[in-house]
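Here the protein sequences come in this chain order: C and G. So in numbering that gives the first Met the number 0, spot 714 of the first sequence is number 713, and the numbers just go up one at a time. So in numbering that gives the first Met the number 0, spot 1 of the second sequence is number 0, and the numbers just go up one at a time.
It should be emphasised that the hints constitute simulated quantities derived from the structure, not laboratory data. None of the values given here were measured: they were computed from a predicted structure.
Far from chain G by the CB rule (all over 10 Å, computed), these chain C residues: (1) D375; (2) F447; (3) A479; (4) N516.
Per label pair, the in silico range of CB-to-CB distance: (5) K33/G - E105/C: 33 to 43 Å; (6) I109/C - G21/G: 39 to 49 Å; (7) P24/G - E105/C: 23 to 33 Å; (8) F212/C - G21/G: 25 to 35 Å; (9) V75/C - I50/G: 14 to 24 Å; (10) F79/C - P24/G: 14 to 24 Å; (11) G53/G - V75/C: 14 to 24 Å; (12) E105/C - G14/G: 40 to 50 Å; (13) D67/C - K33/G: 23 to 33 Å; (14) E89/C - I50/G: 33 to 43 Å; (15) I50/G - Y68/C: 14 to 24 Å; (16) S113/C - K33/G: 39 to 49 Å; (17) G14/G - L100/C: 32 to 42 Å.
Note that the Cβ used here is the ideal one computed from N, Cα and C, for glycine as well.
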Amino acid sequence: MNPIGIVDFIAFMAILTALVTLWRGWKRALEHDVKLLLTGLLTLTLLHYLSNTLEWGGITKALDPFEDYIEILEPVLWVFFFYTFMKTIETTERKRVLEALRKSEESLHITLNSIGDAVIATDTYGNITRMNPVAEKLTGWTIEEAGNKPLSEIVHIVNALTKEPAINPIKHVMKSGNIVGFANHTALIARDGTEYQIADSGAPIRDDNGNIFGVVLIFRDMSEIYAKEQKLRENENFLNSILENVQDGISILDTKLTIVHVNRVMNKWYSENVPLEGKKCFRCYHNSDNPCNPCPSMRCLESGKTEMDVIPGLPGSDIQWIELYSYPIKNHDSGEITGIIEFIKDVTERKKTEQELLKSKKMESIGILAGGIAHDFNNILTGLFGNIELAKLNIPQDHSSYPYIETANQALWKAIHLTKQLLTFAKGGDPIFDAVDLKSVVQTTVMFNLSGSNVKARFNMPDNLWQIKADKGQISQVIANLTINAKQAMPEGGNLYINAATIKDLNKIPERHLSGNFVKLSIRDEGVGIYPKYVENIFDPYFSTKQTGSGLGLATVHSIITKHNGHISVDSIPDVGTTFTIFLPAEKSSHKQTATTHPDLTERTKLASGHILVMDDEKTVRNVVGAMLEFCGCTVAFSSDGKDTLEKYTSADKNGNPFDIVIMDLTIPGGIGGKEAAKKLLAIDPEAKIIVSSGYSTDPVMANYNNYGFKGRLVKPFQTEDLKKELSRVMEME
Amino acid sequence: MIQQNEIILLLLGLGALIFILGNRPRLQLLPRSKILISGFYMLLASWILTILEGFLLGELLNFIEHICYAGSAVLMAVWCRQVFGKNGRQR
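For reference, chain G alone in the conformation it holds in the complex (with noise of 0.2 Å):
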C-alpha cells in the first residue's frame, strides 16, 4: 500500500532534486559536493524505492531502501568527516 506521507515525500524529493539539478553549478562551489550530493541522491533514491516496493519485490526493494539509508548515513559521515576533520580546514 502507497502511503499518503510517502506521495509527499517524494514530491518533496523530487523538489529538491531539481532545486538541485537547477543549482548545480553553483553546489559544485560547495567543498566535497560530490560526496554530499550522492549522498542526497542516496536518500533521493530510498524515498522512490519506499513507493515502489508497494507495487513490486517489496521485501527487496524495502531491503534496498533501508542500504540506501545506510549509503546516504555513511557519505554523511564521510563528507563531515573530509570537511570537519583534522585536515578539513587545508581542504
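This is chain C alone, in the form it adopts within the complex (with noise of 0.2 Å):
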C-alpha cells in the first residue's frame, strides 16, 4: 500500500473512532444540538478520509467526485461547530450564573431576615434598596412602601437625652468611607412614634474594585438592655449609697484577705493607710505582718458561716475596739466562697463605758461597803464624842486632865470628817443643806491637807464672807479634793492661793443661768497646768492625766457642786497653773457667826421640862443621849426599836405624861427603822413630834427630813450644843 494510503487510512480508523466514542458516550456530555453537528462533522471528514484511503491506497476512485463537495463543506461545518458550540456554552453558563445569582439572592434574603439586628441598605444617593424583618419592625415601613425612598424620610434618629436629630448616618458612612459607629445615646423614633434607644453603626459597600456604590446601616433595640443597665446602675447607685452613708465600716475581702472594697467610713478611719485596696487587711487594720488572732474572718473562710469578734482596733488610733462580723460571699451557683465581707463596728466608747460600768459597780460595792462601815462607826463617834463633852463639861478647863480630853476631842472631830468623806464616796447623796461659813471651812480643809508639804497657803477671805447654803462635809469635799490636785501639780512646792468673795445679785454665771447672791471662791495653783485639749474632759469620771488618779476626784467636785446648785469652772495654761472658780449659793441674809468656843450648855429653857423619847439600837448611842438631854434638863425614856417606841408613846399618853419630842435612830438593824415607825406614829397621833437621827448623813431621808414626818433632823454623831439647839427649834414648832 502507499504510505499516503495507511496515513489516510489511520485518519480514518481515528475519525471512525472519534465517532463510535461520541455514539457511546451521547448521554454523557454536551448538548444535543452540538452533538448532532458533532456528529455530522466527523461523518463527513469520515467520508473524506474514506475517500483518500480507497483512492490512495489504489483500491477505487469512485468516491474522487465527492470528494472536492465534502472537502469544501468541512470548513463550513467547523464553523457552524464551534458557533453553536461556543453559544450552547455561553447559555449554559448564563443559565448556571442566573441560578447562582438566585441562589445567592434567596441567601442573601434568608441571612438577612435572620440576623437579629435591624439592617438597612441604601445607595450612594441614600435610597432605600434593602430592609430585613427587624428594620420593618423598628422603624415601622415595610421594604415596599420604603424602596427608594431616602432614609431620613424612613429613619428618623435622634439624640435620646436632648432629642435632637443625630448626624446623618449616611452622609457620614460616605464622607469617611469607613465603617462608623455612632453615639451611645441614640434613640430611632418609629412610624407610629415609638422610641426605641439603639446602638447603630453604618458601613460603606464596595464593589470589587472598592468602589462604594451604597451603605448599609445596622442597628439595634437597645431598650430593654439600655433599661437593665440604668437599673443596674440604679442598684448600684442604691447600694454604694448604702455603703458610702452607714456609719460604720465595710470592708469586702478575697479569700487572701485582700481587701477589694471599701466605704468612705473604713477610708476615714484608716486614712493613714490608703488607698486600702490591694492591701491585705491585718497589714491595713492592725499594723501587723499576720492575720489576727482571733480572727473572725479567717474563722468565716474556714466555717462558711457568720463569725462575729471585739478585736483591738489600729494600735496608736482613737479606735481602740472594733466589734468585726464577717459575712461569707458565696458562689450562686457552686457555693464556693468567693470572699468575706467584713462589718465593722467602732465599740471603742461602748468598750470604755462597760469598763466604767464594771468600775462602777465595783465602786458601789465598796461605796455599801463603807457606808455600812461608816453607820457603825459614827454609832460608835456618837457615843464616844458625847461622853468625851460631857466630860468636857463637867471638869473645869485647868484641870490637868483637860488637855487630854480636848485633843481626844480634836481627833474624834478628824474621824467624824473622815467617816463623812468615807459616806459621801460611799453614797455621794444628797447634800444635807445648812448655814456653812465657808471661810472656816476652806481654812481648815486646806491647812489639813496641806500639812507637811512644802505648798504654802496665801488665802484672802474677807471676815464678812458671806455663809453659804451647802452640806459643809460635800463642801469640805471639794475643797480637799482640790487642794490635794494642787498640791499634786507642784511636787517642787509653790504657792496656793485661796480667794473668796460675796457676789450680790450675780445675775448670769458663763454657762448656767443662775441669779441670786453667791460666794465665790477661787483655788489657784502654780503647778504644771492642764493641757487644753485634756480641759474639757477634767471633769468627766475616771479621767485622770495623772497615772495614779483613780479619775473620781475632780467628777466628785462637780457633781458636788452641780448639786449645790452652783457651778465650777477652770482655767489653765501649760506651766504657770490652774484656777479653780466655784460659785455657791449664799445664804439669805447670812451673816458670819462668831464661833463659840464654849456654849453655854446649862442655859435652861422649854428643854428643862421635857419629856423626850430616844429611840436607838445601840446602847452606848442611848445612854450618851440620855445623858445629853438630862445635862440640858429632859427627862428621857428609851426605846430600842420602832415596835417599843410605839408601845412606849401610846402608854405614856394613856399615862397623862406623853412625850414631848422622839428622837428616831434611822437604821434599826432587824427592827423597825426610824422611817417606818415615823409612819405609824403619826398615824397614831398626827402631831408627834419626831427627829431623825442617822450617821448616814447622805440618806435622802435626812436630807429631806420633812418629806417624811420628821420636824428635825440629828446627823450622827451630834454635840450637845447640836442636840440641844434642834430640840429647842422643834420644842418651838406648834
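Bring the two chains, given one by one in their own frames, into a single complex with the hints.
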C-alpha cells in the first residue's frame, strides 16, 4: 500500500474511533445540537478520509468526485460547530450564573431575614434598597413602602437625651468611607412615634474594585438592655449610697484577706493607710504582718458561716476596740466562698462604758461596804464624842486632864471628817443643806491637807464673807480634792492662792443661768497646768492625767457643786498654773457667826421640862444621848426599836405623861427603823414631834426629813449644842 | 495545478480561521478547547499544503498534507474520548 494510503487509513480509523466514542458517550456530555453537528462533522470527515484511503490505497477512485464537495463543506461545518458549541456553552453558563445569582439572592434574603439586628441598605444617594424584617418592625415601614425612598424619611434618629436630630449616618459613611459607630445615646423614632434606644453603625458597600455603591446601616433595639443597665446603675448607686452612708465600716475581702473594696468610713478611720484596696486587711487595720488571732474572717472562711468578735483596733488610733462581723460571700451556683464582707463597728466607747460600769459596780460595792462601816462607826463616835463632851463639861478647864480630853476631842473631829468623806464617797447622795461658814471650812480643810507639804497656802478671804447654803461635809471634800490636786501639781512646792468674795445679785454665770447671791471661791496653784485638749474632759468620771489618779476626784467635785446649785470652771495654762473658780449660793441674809468655843450649855429653856423618848438600837448611843438630854434638864425614856417606841409612846400618852419629842434612829437592824416607825406613830398621833437621827448623813430621808413627817434631824455624831438647838427648834414648833 | 475547489476550500478555511481568532476568548470556554482547536489548525494546515504542493515539493507536501489530516483526525478522536469517555462528564 502507498504510505499516504496508510496515513489516510489511520486518519479514517481515528475519525471512526471518535464517532464510536461519541455514540457510546452520547448521553454523557454536551447539548443535543452540538452532538448532532459534531456527528455530522465527523461523518463528513470520515467520508473524506475514506475517499482518500480508497484512492491512495489504490482501491478505487469512485468516491473522488464527491471529495471536493465534502472538503468544501468541512470548514463550513467547523464554523457552525464552533458557533453552535460556543453559543450552547454561553447559554449554559448564563443559566448557571443566573441560577447561582438566584441562589445567592435567596441566600442573602434568608440571611438578612435571619439577622437579629435591623439592616437597611441604601444606594449612594441614600435611597433605601433593602430592609430586613427587624428593620421593618423597628421603623414601622415595609420594604415595599420604603424602597427607593431617602433613608432620612424612614429612619429618624435623634439624641436620646436632647431629642435633637442625630447626624445623618449615610452622609457620614459616604464622607469617611469607613465603618462608623454612632453615639451611645441614640434613639430611633418609629413611624408610630415609638422611641427605641438603639446602638447603630454604618458601613460602606464596595464592589470588587473598592468603589462605594451603597451604605448598609445596622442597628439594634437596646431599649431593654439600656433599661436593664439603667436599673443596674440605679441598684449600684443605691448599694453605693448605703455603703457610703452607713456610719460603720464595711470592708470587702477576697479569700486571701486582700481588701477589694471599702466604704468611706473605713477610708476615714484608716486614712494613714489609704488606698486600702489591694492590701492585706491585717496590715492596714492592725499594722500586723500576720492575720489576727482571733480573726473572725479566717473562721468565716473555714466555717462558711457568719462570725463575730470584738478585737483591738489599729494601735495608736482613736479606735481602740472594734466589733467585727464577717459574712461569707458565696458563689450563687457552686456555693464556693469567693470573699468576705467585714462589718466593722467602733465599740471603743461601749467598751469604755462597760469598763466604767464594771468600775462603777466595784465602786458601788465598796460604797455599800464603806457606808455600812461609816454607819457603825458613827454610832461608836456618837458614844465617844458625847461622853468626851460630857466629861469636858463636868471638869474645869484648868484641870490637868482637860488638855488630854480636848486633844481626844480634836482627834474625834478628824474621825468624824473621815467618816463623812467615806459616806459621801460611798453614796454621793443629796447634800444636807445648812448655813456653812465657808471661810472656816476652807481654812481648816486646806491647812489639814497641806500639812507636811512644801506648798504654802495664801488666803484672801474677807471676814464678812457670807455663809453659804451647803453640806459642810461635801464642801469640805470639794476643797480637799482641789487642794490635793494642787499639791500634786506642785511637786517642787509653791503657793496656793485661795480667794473668796461675796457676789451679790449675780445675774449670770457663764454656762449656767443662775441669779442671786453667791460666794465666789477661787483656788489657784502654780503647778504644771493642764493641756487645753484635756481641759474639757477633766470633770469626766475616770478621766485622769495622772498615772495614779482614780479619775473620781474632780468628777466628785463637779457633782457636789452641781448638786449645790453652784458652778465650777477651770482655767489653766501649761507650766503656769491652774485656777478653779467655784460659785456657791450664799445663805440669804446670813451673817458670819462668831464661833462659840464654850457654848453655855447650862442655859435652861423650855427643854427643862421636856419629856423625850430616844429610840436607838445601840445602848452606848442611848446612854450618851440620854446623858446629854438630862444635862439639858429633860426627862428621858429609851426604846430599842420602832415597836418598842410605839408601845412606850402610847403608854405614856395614856398615863398622862406624853412625850414631847421622839428622837428616832433611822436604821434599826432587825427591827422597825425610824422611817417606818415615824409613819406609824404619826398615824396614831399626827401632832407627834419626831426628830430623825442617823450616821447616814447622805440618806435621802436625812436630806429631806420634812417629806417623811420628821420635824428635825440630827446627824451622828452630834454635840450637845447641836442636840439642844435642834430640840429647842422643834419644841417651839406649834 | 491548482484546482478551483482548493482555492475555495482555502478561502473558507481562512474564513473559519478568522472566526476562531475573533472568538478566541469565547471558544476557550469550550471543554478541552485547545485539543479541538488544534485539530482544526491541523486541518487548516492540510488545506494550505494542498495549495502549496501545486507550486513546489509536490510529493513531500502532499505527504505532509495527509499527515496533517491524520493528525487532525487523531486530535478529534482524543478530544471525543476526553469529552465523551467514561470520565468525560467529570471533566
